[in-house]
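Enquirer: Sequence:
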Amino acid sequence: MDYSGYPRNDVLCIDMRSFYASVECMKRGLDPKTALLAVVGDTRRKGSIVLAASPMLKKKHGISNVSRFFELPDDPNLVIAPAHMGDYLEVSVEITKMIRNYVPQEAIHVYSVDELWVTINGLERLYGSPYDIAKMIQSEIREQFGIECVIGIGDNKFLAKVVMDIHAKKAEDGIAECRYEDVAEKLWPCDIYDIWGIGSRMTRNLNRMGILTLGHLANHPMKYLKKNYGIMGEQLYWHAWGIDLSPVYGNFVKTEQKSYGHGITLLRDYDTEEIYACLLDLCEEACRRARIDGKEGRTVHLGIGYSSETGGGFSRSMSVQVPTNITMDMYAVCLKLFHRFYDGTSKIRRASVALTNLGDEFDVQLSLFDNQPKKKDLAEAMDMIREKYGSTAVLRASSYTSGGITIERSKKIGGHYA
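Mapping the sequence shown onto UniProt numbering, position 125 (from 1) lands on 125, and the numbers just tick up by one.
A couple of the hints might just be wrong.
[As the list claims (entries may be wrong)] If you anchor each label on the Cβ, the simulated ranges turn out as follows:
| id | residue 1 | residue 2 | range |
| --- | --- | --- | --- |
| 1 | GLN257 | MET1 | 33 to 43 Å |
| 2 | ARG350 | SER200 | 41 to 51 Å |
| 3 | GLY197 | ASP132 | 26 to 36 Å |
| 4 | MET232 | TYR131 | 43 to 53 Å |
| 5 | GLY311 | MET26 | 41 to 51 Å |
Hint data in this document are derived by calculation from the structure and do not stem from the laboratory. All C-beta atoms, glycine included, are put in the ideal place defined by N, C-alpha and C.
Hey, can you work out the whole structure from these sequences and the hints?
Expert: Structure (structure tokens):
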């Protein structure tokens, strides 16, 4: 492969090790390297997932991020910490601010709360080689926040991410580098399942084609990959050669909204009467976000998942003649879908709603039978109150019933307690 025509950058992929657990350790004055600590999503539920485990807990007891609360060992030194997503977001923001001391905002692409890419082009004269800069950032994160991190260095985001996942996490200093010329030696021997962007389903499909390693993928004819997987097959081929043309500078925040939706897995099974309040709360939040962005939707989606005892469920949608972002309009469509497709007996464990087929909000169309301007004014007044005084400052009466979910959701970030 001739790489002369492809861009070369100095990109770092930084991953905070056992981030949630490390933050909880620092809050308690514990050493993240030696403490036995598990972060649990909801300590009231024995089946709740372990969101993070300290390195020593992983090593000593084999606990991982797919373990459950009831699987934690009976160890007197074990510390069980309820999740505090607000604290993790705050630390993540502070780490990003620290990195902005070295590079501009457009050179930082936050991938998740504990992982980001940083493009460090042009910093050699100030701080030395990319490895020196990675070491410096690693040390500063450790000193300021008490958190260990691993860093991959590459010509693009893909190489930085993959070499971080595969080699940096095993390296003594937590840093690894892979340039175009190193791909064959450092990445081709790796199992394709270990490569970022290739999931279990794609792995099975590729394995059936005799593709077991990244090297096999790189040397498989691209025309067959493209024939079987379309544009995804072409992307897999180029990634196998270490080529990634995604931008390394810019505004990486997604701005184009294609839908406004909310879903929830309920803490218990709901019956028919309770689910109504839940659906109304979900519609309220979806429409509130649409109104804030000045958008309306023509299509309403409803998804219902039944309890594990019966299994199944349904997902259906319906379009309306006049675009809307009014809660009760969306709720009325959801009720139609629910009554049409609900089997009438199954308990419900999951519900989701979405407003799609979006367009810009226009003046309200007058109707002889429906006072839309009054609905719009009322909705906007409620939005203003919530914006100023909080999401639970004004609620519908149904939110206080056993089926309401808004009050409980207001305490959480990303589905976990703040």
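Enquirer: Confirm or reject each hint.
Expert: Status of each hint after checking the structure:
1. GLN257 x MET1: 33 to 43 Å: 39 Å, holds
2. ARG350 x SER200: 41 to 51 Å: Distance hint for ARG350, SER200 is violated at roughly 22 Å.
3. GLY197 x ASP132: 26 to 36 Å: Since GLY197 and ASP132 have Cβ atoms about 29 Å apart, the given range 26 to 36 Å holds.
4. MET232 x TYR131: 43 to 53 Å: Since MET232 and TYR131 have Cβ atoms about 33 Å apart, the given range 43 to 53 Å is violated.
5. GLY311 x MET26: 41 to 51 Å: 43 Å, holds
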